[in-house]
Amino acid sequence: MLALELVEVVVAWLGAALVVLSDGRRGVALGIALYAAGLASTLLADPLAAAALALAGLVSAGLRLRDGHRGWGTLPPGSTPRLLLCVVSGVLAAYAGASLLEGPGPAPARVAILLGGALGVARLLSTTRREAALAAATLMTLAVGGAEAAIGASQVAATVVLAAAIAAMLLGLLPAAEGEPGGA
Amino acid sequence: MGPELALGFPAAGAVLAAALRRRPALALLCGGLLGVAGALALGLLWLPPAQTSFLGLGLPAAPRALLIFSALALTLVVALAPAGADRVGLLAAGLAGSAGLVAVAAAPDVLAVAVVIALLAAGHAALPGGRPFAVRMRGPGLAVALVLAGVLLQHGGDAPAFARLSALALVLALVAAAGLVPFLPELDPEEPAPASPVAWTGFFGPALAIAMVARIQPTVGPDGAPVYGALLVGLGVLNLAWGTLGAWLAEGDVAAWRYSFLADWGLALVGLGIVVPDGYAAAYLVLASVLLVRFPLYLWARPVLVGRAAGAMGPANVLLAAALAGAAPFAGFSIRLLLLRAATTVYWPLALVLGLGMLVWLAHSLRLARTLGAPRGRAAVGVVLALGFSLLLGVAPALMLALGGL
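So the protein lines, in turn, are chains A and B. Residue numbering for the first sequence follows my numbering, starting at 6 and increasing by one per position. Residue numbering for the second sequence follows my numbering, starting at 13 and increasing by one per position.
Since the hints were derived computationally from the structure, they do not count as laboratory data. Quantities reported herein were computed from a predicted structural model and do not represent experimental measurements. The C-beta atom is built at its ideal place from N, Cα and C for all residues, glycine as well. Check before you lean on any hint, since a few could be wrong.
Where chain B lies over chain A, by a calculated footprint (3+ residues, C-beta under 8 Å) [as the list claims (entries may be wrong)]:
| # | stretch |
| --- | --- |
| 1 | 9-23 |
| 2 | 123-131 |
| 3 | 146-153 |
| 4 | 165-179 |
Some chain A residues close to chain B (C-beta under 8 Å, calculated; not the full set) [to be verified]:
| # | residue |
| --- | --- |
| 5 | D28 |
| 6 | R31 |
| 7 | A138 |
| 8 | I156 |
| 9 | V161 |
| 10 | E183 |
| 11 | G184 |
What follows is a set of in silico ranges between Cβ atoms, one per label pair, in the way DEER data are often shown [as the list claims (entries may be wrong)]:
| # | chain 1 | residue 1 | chain 2 | residue 2 | range |
| --- | --- | --- | --- | --- | --- |
| 12 | B | G264 | A | G83 | 31 to 37 Å |
| 13 | A | V12 | B | W360 | 56 to 62 Å |
| 14 | A | P180 | B | A375 | 17 to 23 Å |
| 15 | B | L41 | A | L53 | 41 to 47 Å |
| 16 | B | W360 | A | L49 | 53 to 59 Å |
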């Protein structure tokens, strides 16, 4: 059981780390898909929420594949600080989620949610690439949906998880190309 | 299904206006009609039978009133936009923003607010502008992460430290979501108005802040309440000082306008932090005046700000300077009285600090009024209406407060 939980968290961490470490569309898309799969597997106690978030992640990842920089773009030159960030964030999220926090939800879910929030915002604050920013925002939206699912299985929680899943897919719909300014 | 209609009409209007962009008259007509329908649906929510919702959505009175003020501000700026402004773009962005704000106000909890902020910010950042998408997403993205951290800490355990840290994260999320100091976004003076950070802080911010406070304040608990209040007051004073000095000393007039919004927001944050009815009322009135007075005036100042017209200092500009400075009988006067009274009730030295900030405020008002030039035609009508709203907020604050259920 512990091994399975470890695998779930590692998959979520790999996904979030790929979003941080990749500049190409394939790397970013695989990162979103892996993170969504890892997060959903930690939330299997609420199967509907898990299915909604996994599906949203897969759809969003698929949509990210359609534009942006070609290829994987994983670990480009100069990405050592990003790699360090991923390792340190992983250790800190595991410590905070498993030892410091007593809730919400099971420890693997807390760790996965923390990973999505922390690595998502770190990527968002450090990139100027639109597809990377969109992927980071998707990660955070999935993490928010995961947090809502971990907090409770009420009607409100189901609505918010569904809203987060839809928001993640809508973020995937936004194109990776910047628009040209016009007007006053 | 009132809340659903209030959300659906402006959303449909935004989609239609954007789709019909190549036929501006039709786009303005369709978008305008759906926008008016959305505002009517919001207005009807005062009647209890209209408040029933299939999705279980609820719109509290204060955010609802600010949403109506947002709709009014949007009507003003689109109908009376200065020559050369992209009115269809303004309408589409404004309607999309209005739909997002209704969703924020109706959100059942703070995590739902975070989801809507992410979507709303992405939509705003995707508008064509001078700064990259990623740079424009930073503030709201940080707000989403802070909300997430705040909620996780709230459920993290029974120790008081969790409640305090949660309150800290949630207040910082509110400030980051509104784009205030210390999360001030970059400013590109050449950027089109709908995509600029001033539009975010001046149009989206007020309803967003009141809706967030309505969700955050009941959840902070007795351990988090002192941190919540003290941090809001501290950040309010910081924004007030930063805004008044910045608007006075900034090199460019666009930057001066942006800082003047911060000064208003400083008063609002202090009002929200002093958790007494007068403080909340003052904050609500400040945010209403941002929507109905300062934001429309900023848009009518755009021709001078982008160098298409010359600044001027006529009698109308002196009147505008008085309104922007918060002189009696305009909006700022009643707000300042309420806020000073609330501050004196809670901790009188705070009233001294606020009074000092309000004195420094006078320095930049003349500078801002000058950037409105000599308004003619539609802009002149708009300026008169904005002054009218300022007067209404100043002489009949009780009426405006009653609209917000205060």
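| said: Within 56 to 62 Å: is that where the Cβ-Cβ distance between A/V12 and B/W360 falls? | reply: holds, 60 Å
| request: Double-check A/I156 for me: the hint is only fine if its C-beta lies closer than 8 Å to a C-beta in chain B. | output: holds, 6 Å
| request: For the range 41 to 47 Å, tell me whether the beta carbons of B/L41 and A/L53 fit it or not. | output: At roughly 42 Å between Cβ atoms, A/L53 and B/L41 fall inside 41 to 47 Å, so the hint holds.
| Would you say the stretch 146-153 of chain A counts as covered by chain B, given the rule of at least 3 residues with C-beta under 8 Å? | holds (count 6)
| said: Under 8 Å is the threshold here; is the Cβ of A/G184 close enough to any Cβ of chain B for the hint to stand? | reply: holds, 4 Å
| Do the numbers back the hint for A/E183, that is, is its least Cβ distance to chain B under 8 Å? | Result: holds, 6 Å to nearest chain B Cβ.
| Does the interface hint hold: is A/R31 within less than 8 Å of chain B, judged Cβ to Cβ? | violated, 19 Å
| Holds or violated: the stretch 123-131 of chain A covered by chain B, criterion of 3 or more residues with Cβ-Cβ distance under 8 Å? | holds (count 5)
| field | Consistency of beta-carbon spacing, B/A375 to A/P180, with hint 17 to 23 Å | value | Between A/P180 and B/A375, where Cβ atoms are some 45 Å apart, the hint is violated.
| request: Let me know if the C-beta of A/V161 comes in closer than 8 Å to any C-beta of chain B, holds or violated. | output: holds, 4 Å
| request: Let me know if the C-beta of A/A138 comes in closer than 8 Å to any C-beta of chain B, holds or violated. | output: holds, 4 Å
| query | Taking the CB of B/W360 and the CB of A/L49, does the distance hold inside 53 to 59 Å? | reply | Once the Cβ atoms are compared, 57 Å apart, the range 53 to 59 Å for A/L49 and B/W360 holds.
Going through the hint list in order, the structure does not satisfy hints 1, 5, 6, 14.
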